[in-house]
Amino acid sequence: MNFDKEFDASGLSCPLPILKTKKALSDMAPGQVLKMIATDSGSIKDMQAFAEQTGNQLLSSNEEAGKYIFFMQKK
Amino acid sequence: MTTKKMAIIATKGTLDMAYPPFILASTAAALGYEVQVFFTFYGLQLLRKDLSDVMISPLANPAMPMPVPMPVMVQMLPGMESMATMMMKQKLKKHGVASLQELRDLCIEAEVKFIACQMTVDLFEFDKSEFIDECEYGGAAMFMGFAGDTDICLFV
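These protein sequence lines are chains A and B, in that order.
In this text, residue positions in the first sequence follow this note's numbering: the first is 1, and each later residue adds one.
In this text, residue positions in the second sequence follow this note's numbering: the first is 1001, and each later residue adds one.
For reference, chain A alone in the conformation it holds in the complex:
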């Protein structure tokens, strides 16, 4: 999947992946896509909840070799 920005939150625990996602989105334009990588197993549900509550769309969330990979489109 194409993306405009990427950041790796591997090794960080709740709530840092969410806080850093919010920060990463803040200087992106509407419609742009952010790729986020995390190792925090709570981040799957947290990213879903973040998307629902902020209106940013979670395009996909996958697990690959112990890492969680998210693609989020900015509202």
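No wet-lab data here; the hints were simulated from the structure.
Take the hints with a grain of salt, since some may be wrong.
Stated by the list, open to error - Listed below are several chain A residues computed to face chain B (Cβ distance under 8 Å; list not exhaustive): (1) L12; (2) S13; (3) P15; (4) L16; (5) L19; (6) K22; (7) F50; (8) A51; (9) L58; (10) S60; (11) S61.
Where a beta carbon is used, it is the ideal one built from N, C-alpha and C, also for glycine.
Use these hints to put chain B onto chain A, whose structure you have.
Only chain B this time, still in chain A's reference frame:
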């Protein structure tokens, strides 16, 4: 859509009890909430410029997981509190949990409003110069003005 609001009353000043208010405040702010935290009694310690004195005690804290079972008589020995604090900080770091300082900075950056209880500041004769500049001073009525209109209000 109207902005959601959350208010937290932070009354504890130990390392373990310092995390919930800062985690919830920073997360709510990231979700678009307007957040205020009212720090009163021991919670005021969390507004100090220097957070290195914030500690955790194994004493009277039977739920705290310890590497080995430790009788209360041992927990009360000098240095045990520093040791428990050091171990807890190492554990937090190892698991990628943010430091208190980092979480507090993220709250400030996200415009979480910190209110220090003026009455407690006077009661304990604290020097305001020891507290961060990003806090306001106020009382219960001032807090109610915001809390009365919130979606979530927590006492920690």
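Here's how the hints hold up against the structure:
Of the supplied interface hints, the one on A/L12 holds, with its beta-carbon coming within about 4 Å of a beta-carbon of chain B, less than 8 Å. Annotation: A/S13 was flagged as interfacial toward chain B, and the flag holds, the nearest CB pair being 4 Å apart, inside 8 Å. Using the Cβ-Cβ criterion of 8 Å, the hint placing A/P15 at the interface with chain B is satisfied: the shortest such distance is roughly 4 Å. Taken as an interface hint, A/L16 checks out: its beta carbon lies about 5 Å from the nearest beta carbon of chain B, inside 8 Å.
Look at A/L19: its Cβ gets to within about 5 Å of chain B, closer than 8 Å, so that hint holds up. Look at A/K22: its Cβ gets to within about 4 Å of chain B, closer than 8 Å, so that hint holds up. The closest approach between the C-beta of A/F50 and any C-beta of chain B is roughly 7 Å, which is under the 8 Å cut-off, so the hint is satisfied. Interface hint status for A/A51: violated, as the beta-carbon distance to the closest one in chain B is roughly 10 Å, over 8 Å.
Below 8 Å, beta-carbon pairs count as interface contacts, and A/L58 has none with chain B, the closest being about 14 Å; its hint is therefore violated. The beta carbon of A/S60 is not positioned within 8 Å of any beta carbon in chain B (closest approach about 21 Å), and the interface hint is therefore violated. The closest approach between the C-beta of A/S61 and any C-beta of chain B is roughly 18 Å, which is over the 8 Å cut-off, so the hint fails.
Violation of the numbered hints given earlier is confined to hints 8, 9, 10 and 11; the remaining hints are satisfied by the structure.
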